[in-house]
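Asks: Between the sequences and the hints, there should be enough to build the whole structure, so can you do that?
Chains as they are written, first to last, in the numbering used here: chain A, 2 to 326; chain B, 8 to 372.
Keep in mind the hints are simulated off the structure, nothing from the lab.
Treat the hints with care, since some could be wrong.
Pulled from the structure, derived: some chain A residues nowhere near chain B, Cβ distances all over 10 Å [claimed, not checked]:
(1) TYR104
(2) PRO186
(3) LEU220
(4) ALA297
(5) ALA319
Covered stretches of chain B, as calculated for chain A (at least 3 residues, CB under 8 Å) [said to hold, decoys possible]:
(6) 142-152
(7) 158-167
(8) 194-205
(9) 356-366
For every residue, glycine included, the Cβ atom is placed at its ideal position computed from N, Cα and C.
Spelled out from the first residue to the last, the chains are:
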Amino acid sequence: MPVMNLVQAVSYTLASEMARDEAVVVLGEDVGKRGGVFLATEGLYDQFGPDRVIDTPLSEAGIIGAALGMSVHGMRPVAEIQFAEYVFHGFDQLVSQVAKLRYRSAGQFTAPLVVRMPAGGGVKGGHHHSQNPETHFVHTAGLHVVYPSTPSDTVGMLRSAIRSNDPVVLFEPKRLYRAVKEDVPEDPDHIVPVGRAAVRREGDDVVLVSYGGSMAETLQAADALAEQDVASTVIDLRSLMPWDRDTVLEHAARVGRVVLVSESPHTAGFMSEVAATISEQVLDHLLAPPTRVSGADTPYPYAQDRAYLPGPRRILHAVQRVLEY
Amino acid sequence: MIEESSRFEPFQDEPLRVTSDEGAWIASFDLDLDEAELQTLYRELKRARKLDERLGVLQRSGKSSFVAPSSGHEGIQVAIAKSVQAGRDWLFPYYRDYGVVSALGVPLEEIIGQMTGTLADPAGARQMPSHPSSGPLNVFTALSPIASHVPPAAGSGLAQKLAGKGDVTICSFGDGATSEGDWHAAMNFAGVQGAPVVFVCENNRYAISVGLEKQSGSATIAEKARAYGMPGYQVDGMDVLASLYLLRELVERARAGFGPALVDASVYRYGPHSSADDDSIYRPAEEVAAWRARDPLPRYRRFLEQRGSWSDAQEAALDAAIEEELDVAVRRAEAAGVPELGAMFEDVYERVPWHLEEQREEMER
Chain A
2 MPVMNLVQAV SYTLASEMAR DEAVVVLGED VGKRGGVFLA TEGLYDQFGP
52 DRVIDTPLSE AGIIGAALGM SVHGMRPVAE IQFAEYVFHG FDQLVSQVAK
102 LRYRSAGQFT APLVVRMPAG GGVKGGHHHS QNPETHFVHT AGLHVVYPST
152 PSDTVGMLRS AIRSNDPVVL FEPKRLYRAV KEDVPEDPDH IVPVGRAAVR
202 REGDDVVLVS YGGSMAETLQ AADALAEQDV ASTVIDLRSL MPWDRDTVLE
252 HAARVGRVVL VSESPHTAGF MSEVAATISE QVLDHLLAPP TRVSGADTPY
302 PYAQDRAYLP GPRRILHAVQ RVLEY
Chain B
8 MIEESSRFEP FQDEPLRVTS DEGAWIASFD LDLDEAELQT LYRELKRARK
58 LDERLGVLQR SGKSSFVAPS SGHEGIQVAI AKSVQAGRDW LFPYYRDYGV
108 VSALGVPLEE IIGQMTGTLA DPAGARQMPS HPSSGPLNVF TALSPIASHV
158 PPAAGSGLAQ KLAGKGDVTI CSFGDGATSE GDWHAAMNFA GVQGAPVVFV
208 CENNRYAISV GLEKQSGSAT IAEKARAYGM PGYQVDGMDV LASLYLLREL
258 VERARAGFGP ALVDASVYRY GPHSSADDDS IYRPAEEVAA WRARDPLPRY
308 RRFLEQRGSW SDAQEAALDA AIEEELDVAV RRAEAAGVPE LGAMFEDVYE
358 RVPWHLEEQR EEMER
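Replies: Following this line, the structure appears as C-alpha cells:
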C-alpha cells in the first residue's frame, strides 16, 4: 500500500478519480502549474492538462458558480478554495445556488460537485488563515459536510464526495497536512461513506468525540489519560452532515461520560448539536453532563494561536470534570 | 479582445434599431425573415403580454402570492428565446423572464403552475412565483438573489466550450444585477475563458425604485464589456427585430468559438417592480406614458401591417386563441393539485437522510 501524508492523499485521490472519470475536473486559484499553495493538486496539471486542471481568476464566487454551471452539464468539478475563510466571497453561490439546486428544481438539475478547503488553526495564520467555518455549512440544507483527519480517510471521503450526486463540502485540517504518513488503501474504488464515524480506540471510562484537526490533540489527551489508567473511547466523527448519531449514542450510553472536542467557536458549534442529542436520547445512561471543549467565541487570534485550540491540557480538565461529577 | 467580422459594430453611441417607432424598416441591410417567422414573433409578443396580464389577475384574485410584471420587456425576451436552439442551448433567465420561457416553448400550464404553486410546475412548487425552469428545455431554475445565476452561466459556457459541440448559453438579468460582485466575477470568468455565453441586460432603468444613474458610474451598461475583453452592444430592446438580429449574430458568433458578448437592451417595465411595489412613488406618470407610446407590440404590429402581413381579423383571432390557451392552462394548472406536506423533505439530497426522515415524522404526527 502507498504511504503518504494527508495532503498527498488529496492529490493521489484526485488523480485516481480523474483517471477513472473524464467528467472529473479540478478548478481553483493556483491549482495548475503551481499545484496549489499547499500542493494538494501537485502533478495533476502535467498529467491531465489545462482543460481538466483549470486555473481560475481570483474569485471564489466565480470558482463555485462556474463549478455549478459545469456540473449541470454532467461534469464533476472539484473546486479548491485556497483557505476556508475565503469561501465567504462565494458563500451565496454555495448556500443559495449550489445547495438548493436539486430542491428548487425538484431534481431537474443537480450539482454533483465538491468544494475542498483547508481549514483550522495552529499554523500562525491569524484570523483569516485559521478558522473552522463548518457550522455555517451544516446549517445549509442541501450540502453534505465532511472533515477527515487521516490520510486514509481523506482518500476514502474525497472519493465518496466526488462520486456523490449531491454537493459535498470537504474540509481539510491543514495543520495535519504533513503531520503523519500512513499506508492508504490502493483499491481505486475504496470509499469511506459520508455519514459514518470511526472509533479510533475503545475504553470504558470516558468517551472523547472530535473531528478534523482537533483529532490530533484529542488522541494526545487519550494517550495521557491512558498513562493515568483512564481508558477512553475516541470517536472521529468524520462527517458532520449527516453525522453518525448511532455510533455516538451507543458509546455515550455505554460509558456515560462524554467530552466533545472541536476547535470551532463554542456557541452553537457542531458539538452543541451532539451534546443536545445525547441529552435528549440517552439521558438515563449519563453519569455526567456532556461537556464541550471548543475554540472561543472570539475572532481567531494571532498571538494566542495555540491557546485558542482545545489542546490536551484543556481536554484533560474537561475529562477530570466529567470523571469527578 | 476576441475579434471577428460582424454585421453590427460594438460600442456604438446609440442603441441598435431596425424599425422606427412608426414600424418602418430602417436598417442598412435587407430583411431576410419569411412572413411565417415574422408573424410568429408577433404571436409570441402577444402571448407574453397576455400571459403577464393573466398572471396579474391570478395574483390579485389570490391564486398567486406574487408577480414580477414583464410587460414592456417582450421585445428582448422573445428575441432571447428565438435566438437559441431550444433544447440544445442553455438559458439562465432571471425572475422577470416568463416572456423568455413562454416563447421558448415551456408550456403555459407549467408557467402558471409555477406562478400558482401547483404540481403543474416541473419544479414541484418549491419556489415562490416568478422563478421558472425547464429541464427538457435547459432553462436553469431562476433564483431571487440578484445576479447569483450569472457565475453558473459562465460555468455552463465553459462546460460547453470544453465539450466542443458548439452549444451556447444565454444569460439575462436586470440593470441592478450589474452592480453585484457575482456579475463582475462571472463576466471576468467568461472573458478569460472565452466561454460561449451571451449576457443580456434587460435594462429597464430601475432596480425597484433606484434609477440607473444611481446604479452605475459608467454611461452605459454596454461599455462595461470592454473591461472583460468582450464586445458590448446597445440595442433597443423594444424593437423585437433589432434584438433578434443582434442576438442571433452573437449566438452564432459564440457558437463559432469567438467567445462571450454583452448586450445592453433598453426596455421599460410598464408595471411596478412586483405586485408588492408601488411605482407611482418613484416614477413620474409622464415618463411611464412616454415609454408606453413606444410599446413594442403596437410598434411591431404596425410593421407587419405595413407589409400587408397582419389584419384586424388576424388580431382578433390571435387574441381569442391566446385567451383560450390561457384558460385551459389555468384550469390544468389548478387541476394538478398542490404538493403534500411530506414533499418538502424530498430533493434536499438524492436520498432522504435520517434526520430529515425524523423531522418529517415529527411534523406529520
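Asks: Out of the numbered hints, which ones does the structure contradict?
Replies: 1
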